[in-house]
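Chemist: Per the UniProt record's numbering, the sequence shown runs over residues 1 to 155.
Treat the hints as calculated values from the structure; they're not laboratory data. The structure displayed is predicted, hence computed values, not measured ones. Just so you know, even glycine gets a beta-carbon here, dropped at the ideal spot from N, CA and C. You may find that some hints are simply not true.
Unchecked claim - Estimated spans, in silico, between C-beta atoms of each pair:
#: 1; residue 1: Thr3; residue 2: Lys99; range: 15 to 21 Å
#: 2; residue 1: Tyr125; residue 2: Thr95; range: 25 to 31 Å
#: 3; residue 1: Pro36; residue 2: Lys111; range: 19 to 25 Å
#: 4; residue 1: Ile126; residue 2: Ile98; range: 18 to 24 Å
#: 5; residue 1: Ile153; residue 2: Glu19; range: 26 to 32 Å
#: 6; residue 1: Lys5; residue 2: Lys134; range: 29 to 35 Å
#: 7; residue 1: Lys2; residue 2: Arg70; range: 29 to 35 Å
#: 8; residue 1: Thr95; residue 2: Leu144; range: 14 to 20 Å
#: 9; residue 1: Glu137; residue 2: Arg42; range: 29 to 35 Å
#: 10; residue 1: Ser40; residue 2: Glu66; range: 29 to 35 Å
#: 11; residue 1: Ala72; residue 2: Ser40; range: 27 to 33 Å
#: 12; residue 1: Glu63; residue 2: Asp20; range: 35 to 41 Å
#: 13; residue 1: Tyr125; residue 2: Glu149; range: 36 to 42 Å
Said to hold, decoys possible - Straight-line alpha carbon distances no greater than 25 Å define the calculated DSS-like cross-link-like pairs of lysine-lysine that follow:
#: 14; residue 1: Lys16; residue 2: Lys2
#: 15; residue 1: Lys132; residue 2: Lys111
#: 16; residue 1: Lys5; residue 2: Lys88
#: 17; residue 1: Lys145; residue 2: Lys96
#: 18; residue 1: Lys96; residue 2: Lys14
#: 19; residue 1: Lys96; residue 2: Lys132
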Amino acid sequence: MKTPKVIKDLSIQKYKSIEDDKALIIGQKWLTIFCPSITSFRGLKHCMNTLWENMTGDFFQEEAQEKYERHAAPSYYIMEDNFGENEKVIYESRTKPIKNCHGNEVHIFPKNFAWCMTYSHEDGYITPIFSKNKNYEKLEKMNLKSMAEMERIRL
Numbered sequence: 001m002k003t004p005k006v007i008k009d010l011s012i013q014k015y016k017s018i019e020d021d022k023a024l025i026i027g028q029k030w031l032t033i034f035c036p037s038i039t040s041f042r043g044l045k046h047c048m049n050t051l052w053e054n055m056t057g058d059f060f061q062e063e064a065q066e067k068y069e070r071h072a073a074p075s076y077y078i079m080e081d082n083f084g085e086n087e088k089v090i091y092e093s094r095t096k097p098i099k100n101c102h103g104n105e106v107h108i109f110p111k112n113f114a115w116c117m118t119y120s121h122e123d124g125y126i127t128p129i130f131s132k133n134k135n136y137e138k139l140e141k142m143n144l145k146s147m148a149e150m151e152r153i154r155l
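Could you build the full structure based on these sequences and the hints that come with them?
Modeler: Next up, the structure:
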């Protein structure tokens with residue numbers, strides 16, 4: 001099986017593909033939390049609509065990157081911005097992508113949706129965007145607890 005371009009560009013070695021209805025459930029939850037002005041993926045067309053332009057973000061550009069670098073989670077979802085009517089694949093990985101060196105339009109978020117890092121071809125101008133879930137404090141505590149437990153098990 002050929003490695004998807006976005007996965008290769010983000011230097012991810014191990015990943016799992018989540019497709020169709022399972023991916024749509026994750027994507028719909030993401031929309032509700034991070035892009036509430038759009039209620040459905042129906043009708044979204046690649047290169048004609050961008051989700052990141054409709055997001056409500058908390059931090060932008062350098063500050064967003066700094067916030068992202070300070071966050072960790074046991075695993076991450078990677079969803080391309082063209083997710084929707086024709087493209088229903090979300091990737092899951094334990095590897096946190098560090099940076100978007102290839103101009104991918106992608107959303108990276110932990111499985112509990114505590115936050116989302118969004119990159120695009122506009123990195124340095126408009127993006128990246130770091131967004132927090134309205135339940136961020138509670139969800140981030142869960143991520144920190146899980147990471148500490150994983151570290152303890154490794155030792």
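Chemist: For every hint, state whether the structure bears it out.
Modeler: Taking the hints in turn, this is what the structure says about them:
Taking 15 to 21 Å as the suggested C-beta distance range, the pair Thr3 and Lys99 conforms, at roughly 18 Å. For the hinted restraint 25 to 31 Å between Tyr125 and Thr95, the CB-CB distance of approximately 27 Å keeps it satisfied. At roughly 20 Å, the beta carbons of Pro36 and Lys111 sit within the given window of 19 to 25 Å. Checked against the given bound of 18 to 24 Å, the beta carbons of Ile126 and Ile98, roughly 20 Å apart, stay inside it.
Range check, Ile153 to Glu19: Cβ separation about 30 Å, and the 26 to 32 Å hint holds. At about 33 Å, the beta-carbon gap between Lys5 and Lys134 stays in the expected band of 29 to 35 Å. Look at Lys2 against Arg70: about 34 Å separates their beta carbons, and that is inside 29 to 35 Å. At about 19 Å, the CB distance of Thr95 to Leu144 agrees with the hint of 14 to 20 Å.
Checked against the hint of 29 to 35 Å, the C-beta distance between Glu137 and Arg42 comes to roughly 33 Å, which is consistent with it. Separation of Ser40 from Glu66 is about 33 Å and conforms to the stated range, judged on CB atoms against 29 to 35 Å. Between Ala72 and Ser40 the CB atoms are about 32 Å apart, so this pair conforms to the stated range of 27 to 33 Å. Hint check: Glu63 to Asp20, Cβ distance near 36 Å, so the stated range 35 to 41 Å holds.
A beta carbon spacing of about 39 Å between Tyr125 and Glu149 agrees with the range 36 to 42 Å that was offered as a hint. A C-alpha spacing of about 13 Å is found between Lys16 and Lys2, which places the hinted pair at or below 25 Å, so the restraint holds. Our distance criterion of 25 Å between C-alpha atoms is met by Lys132 and Lys111, whose separation comes to about 13 Å. Between Lys5 and Lys88, the direct Cα distance comes to roughly 15 Å. Compliance with the 25 Å bound is thereby established for this hinted pair.
Taking the CA atoms of Lys145 and Lys96, the gap is near 17 Å; set against the 25 Å cutoff, the hint holds. In summary, the hint linking Lys96 to Lys14 is supported, as the alpha carbons are separated by about 11 Å, within the 25 Å threshold. Distance restraint check for Lys96 and Lys132: the Cα-Cα separation of roughly 17 Å lies within the 25 Å cut-off, and the hinted pair is therefore satisfied.
Hint violations for this structure: none, all hints satisfied.
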